[in-house]
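These protein sequence lines map, in sequence, to chains A and B.
FYI, our numbering numbers position 283 of the first sequence as 283, with every residue one higher than the one before it.
FYI, our numbering numbers position 280 of the second sequence as 1280, with every residue one higher than the one before it.
Rather than coming from a laboratory, the hints here were simulated on the basis of the structure.
Small disclaimer: the values here were computed from a predicted structure and weren't measured.
Warning: the hint list may mix true and false statements.
Computed spacing ranges between beta-carbons, pair by pair [unchecked claim]:
id	chain 1	residue 1	chain 2	residue 2	range
1	A	68	B	1168	37 to 43 Å
2	B	1134	A	223	56 to 62 Å
3	B	1002	A	122	48 to 54 Å
4	B	1306	A	190	46 to 52 Å
5	A	125	B	1050	46 to 52 Å
6	B	1258	A	315	34 to 40 Å
Pulled a few chain B residues facing chain A out of the computed Cβ check, cut under 8 Å [unchecked claim]:
id	residue
7	1184
8	1191
9	1192
10	1196
11	1250
12	1254
13	1256
14	1258
15	1262
16	1264
17	1302
18	1313
19	1332
Okay, the calculated bits of chain A under chain B, using three or more residues with CB under 8 Å as the criterion [stated by the list, open to error]:
id	stretch
20	86 to 97
21	164 to 171
Beta carbons: idealized from backbone N, C-alpha and C, even for Gly.
There are 2 protein chains.
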Amino acid sequence: MLIDNSFYMNLAINEAWKYQGLTYPNPAVGACLVGKNGEVLAVEAHHRSGEAHAEVNALKSAYYKLTKNEYIFKLTSSLDIHKYLLSNHNNIFINSKLFTTLEPCSHYGKTPSCASLISELGIKEVYVGSYDTNEVAQKGNAILADNSCVVYTELLQKECDDLLLPFKRSLEDNFVYFKWAQRLNATTDDGNVSSIESRIDVHAKRNVCDLLVIGGNTVRMDRPTLDARLVDGKAPDILIYSREKEFDKSIALFNVKGRKVFIENDFKRLVSYKNIMIEGTSSMYELTRDFVDYYLCYLAPGFGGSNKFDVSEDNFDILNIRQDKQDIIMWMKRI
Amino acid sequence: MLIDNSFYMNLAINEAWKYQGLTYPNPAVGACLVGKNGEVLAVEAHHRSGEAHAEVNALKSAYYKLTKNEYIFKLTSSLDIHKYLLSNHNNIFINSKLFTTLEPCSHYGKTPSCASLISELGIKEVYVGSYDTNEVAQKGNAILADNSCVVYTELLQKECDDLLLPFKRSLEDNFVYFKWAQRLNATTDDGNVSSIESRIDVHAKRNVCDLLVIGGNTVRMDRPTLDARLVDGKAPDILIYSREKEFDKSIALFNVKGRKVFIENDFKRLVSYKNIMIEGTSSMYELTRDFVDYYLCYLAPGFGGSNKFDVSEDNFDILNIRQDKQDIIMWMKRI
């Protein structure tokens, strides 16, 4: 195995995918900080909007690794971490290299600019995967270069662009992903298919979705709640795709506070939302094939059940796979 | 993500799984060498019997990384690498840490002992996953300890033992694994399911199998060759499990030189073999469930076909997953 710059960037990319679908309205971003002798000091990601960016999380972890000073773990706001690092870095980062999947931000938004922080800490080498095309945040590479930092762009750019696509799509119009869970034999019935860890992960994603799309038959058969109770989260609005408008309103999903439920026979509603999860069966897959950006499959390693997820011929590129205790979590795009 | 000793051992474990099924009669082993400042110098594995052990491959890569001396790449025999390192190491490894999934060997077999090499290079910290219980090779940890090396045992031992199980089973009686390829919708028909990379990987595994088991119906329907032509390898002996003993002998598998073909209605033949792959359909899966050690699934990320791999309820622990260009390669065991 080659231990090269791609190795470090891949660590950052894989860490970021763990939070794909959770960072909206922010992008999923990963960062890896490598010390002067090539030691991996930190591999971190951006976790959710309002929290520290990936670079800041990586600098925070690396600060602890280099100083063993636990005080920094008491700081949770990005602003506090920025201030603390600026006052206490003692040039420990000067010969470090930073690998980040996305051009560091240049704007002072919810958090101070990462590009200025990196510069002020004296980091002289930054490897960047994707360019930031967000007009407010871009110019990070330029700020770094203006501050004697050598910026190497386009490292694993394709992989970093795949990671960034959900964010870009949500800026353009919306990001739509189709999620399903199945066993190895493609079954989706007979009790919980997914592990509790996978179901918690789905609830965390629902918590930051603004719209969840589901088929009318599924609602009638499963009588689901479709909220984010496993993470104490916000229940997304629901679009029930159905010709038949009549539903038993005692079905749990209709009785979640603060949620809108639409019952419609088309997908026009999607234009009003930005981060959209479709939880579907095979027939929903076929109906939405033309406008789904990414597919997310929770694959349980087992056999059982009888109803199968099965659609007409299609092929995917796997963007990321990881194992979460029991299940495999796969992000894919159609090719 | 925590960058700790488990991180380095996991790098070694994942590298080793790439060669699971290829190292017979040797174990699949991985090694990671970490420099004095925590830098990853090398992550390597044992590739095949007769070639260098994982530790030697890691030391070879690390030597190049530290010296930039390309001469070492000219050396392919383990003995030559040992000799070269012993004469030329200049104490560059003295403060390195070695992570190895298996206790370093202590015997001078096809290659000189890894334990003595590690000691003579002055490495003072070795982290070991599994104990070597092979009477000829064990005592590696003791040799290291006798030479002022601190040996930390049982790091990720369960994961390392899972990696080692095929080797242990082949020493006890035999290692039997069931291999199949399917799409996401569990289909196994309609052209090649797997990518060319996966098929090459299967042929490489056939090359070191001593027996390949297949069902009579599959032989009649598919008329397969079941050799290792994609890697210019050796064709394994074949056990056709079938009640009906008559086969059209013009089917390719009967006409491969140097191979034995058995047509039998039981699995008694397996006791005469050590490293056994079953390539099967659902019915073969059901027949062999009680004596299969591991399952190997090549999962193609797509839909299509119609004949499905489907068996009665079963659940697995995933031992390792990796993506090989297009497909996912999963090693599992029944739970």
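Notebook entry, point to check: Quick check: which numbered hints come out false for this structure?
Noted result: 3, 4, 5, 8, 9, 10, 11, 12, 13, 14, 15, 16, 20 and 21
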